[in-house]
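Going down the list, the protein sequences come from chains A and B.
For the first sequence, this note's numbering begins at 1 and goes up steadily by one.
For the second sequence, this note's numbering begins at 1001 and goes up steadily by one.
No lab work stands behind these hints, which were simulated from the structure alone.
Note that the structure is a prediction, hence the values are computed from the model and not measured.
Among the hints, a few may not be true.
Sample of chain B residues at the chain A side, in silico, Cβ under 8 Å [said to hold, decoys possible]:
id : residue
1  : Gly-1042
2  : Leu-1045
3  : Tyr-1048
4  : Gly-1063
5  : Arg-1068
6  : Leu-1090
7  : Phe-1104
8  : Gly-1105
9  : Gly-1107
10 : Leu-1113
To spell it out: a stretch of chain A is covered by chain B in this simulated footprint if at least three of its residues, at any positions, have a beta carbon under 8 Å from a beta carbon of chain B; those stretches are [unchecked claim]:
id : segment
11 : 39 to 46
12 : 91 to 100
13 : 103 to 110
Beta carbons: idealized from backbone N, C-alpha and C, even for Gly.
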Amino acid sequence: SQELEQSPQSLIVQEGKNLTINCTSSKTLYGLYWYKQKYGEGLIFLMMLQKGGEEKSHEKITAKLDEKKQQSSLHITASQPSHAGIYLCGADPSGNNRKLIWGLGTSLAVNP
Amino acid sequence: DGGITQSPKYLFRKEGQNVTLSCEQNLNHDAMYWYRQDPGQGLRLIYYSQIVNDFQKGDIAEGYSVSREKKESFPLTVTSAQKNPTAFYLCASQDSANTGELFFGEGSRLTVL
Chain A
1 SQELEQSPQS
11 LIVQEGKNLT
21 INCTSSKTLY
31 GLYWYKQKYG
41 EGLIFLMMLQ
51 KGGEEKSHEK
61 ITAKLDEKKQ
71 QSSLHITASQ
81 PSHAGIYLCG
91 ADPSGNNRKL
101 IWGLGTSLAV
111 NP
Chain B
1001 DGGITQSPKY
1011 LFRKEGQNVT
1021 LSCEQNLNHD
1031 AMYWYRQDPG
1041 QGLRLIYYSQ
1051 IVNDFQKGDI
1061 AEGYSVSREK
1071 KESFPLTVTS
1081 AQKNPTAFYL
1091 CASQDSANTG
1101 ELFFGEGSRL
1111 TVL
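Just chain B, same shape as in the assembly:
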């Protein structure tokens, strides 16, 4: 079945360590997104990519990095420069030619101790 897979589901890290969250899709979608979700706040866009080897900063890109070397994959690295990294991270993909509907993964919960 087609879908979007995030891993790991839960992740614990110490302060100062970089962490990479995986996002893979087999929907053949061109566009992929990373959002951060915190209690009491709406989804906030971190980075997005419309095509392989290209990506743009979202509203809260500081302290994060991404790569888009393959159409299927859009990993997010949470660096030690991110001041408050503990959050729920959601990856999504989008078929640009269609209605614009986003397909979301199940999310990754990162806790920095």
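If we strip away everything but chain A, and leave its shape as in the complex, we get:
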């Protein structure tokens, strides 16, 4: 079955540093979603990418989808303790937006 690979599995950075999280699929995706989760809580939507080469930004977070629509990166600029949490990527492999597939998540800690 198609899977999403996320890397790194965990990340510890010093406040103010930049960081990148990657999400890779072996097949072309119809849509790629980024969510953030605090431990033991629900997921908060960050961004959705649909077109090859698309890039979106919100505050200090930028997400990109490659031209082949198989790899996405999430970049955080000048990280803050509020960025800490688990970042998950989800993807639509079939085009119907129903049965998404999910990465295992990247746990981010930001040290003040």
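Start from chain A and add chain B according to the hints.
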């Protein structure tokens, strides 16, 4: 404010007992989902419903049941047939006409003793 509410937040049950987790949304979304989250595994889809009185099995439906009698509500019953029910359960809703973004509840943690 619009949102999606799951209850209870924490639940403890003995083996062999059925448990029902509540999920209510006031976003007027047609589609609703139940996921299970376990350490070291991605979100796994249990059941989903695209419209009232209709639902489909996800990837791990065995040992679970759902109903969708009202648009706002999508309760999940964890039956005694579920072999490993201890997990974090997440409910989500989706506006079918929009981008496909899922809105998640805060989750319910079920522990079977």
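Out of the numbered hints, which ones does the structure contradict?
When the structure is compared with the hints, numbers 4, 5 and 10 turn out to be violated.
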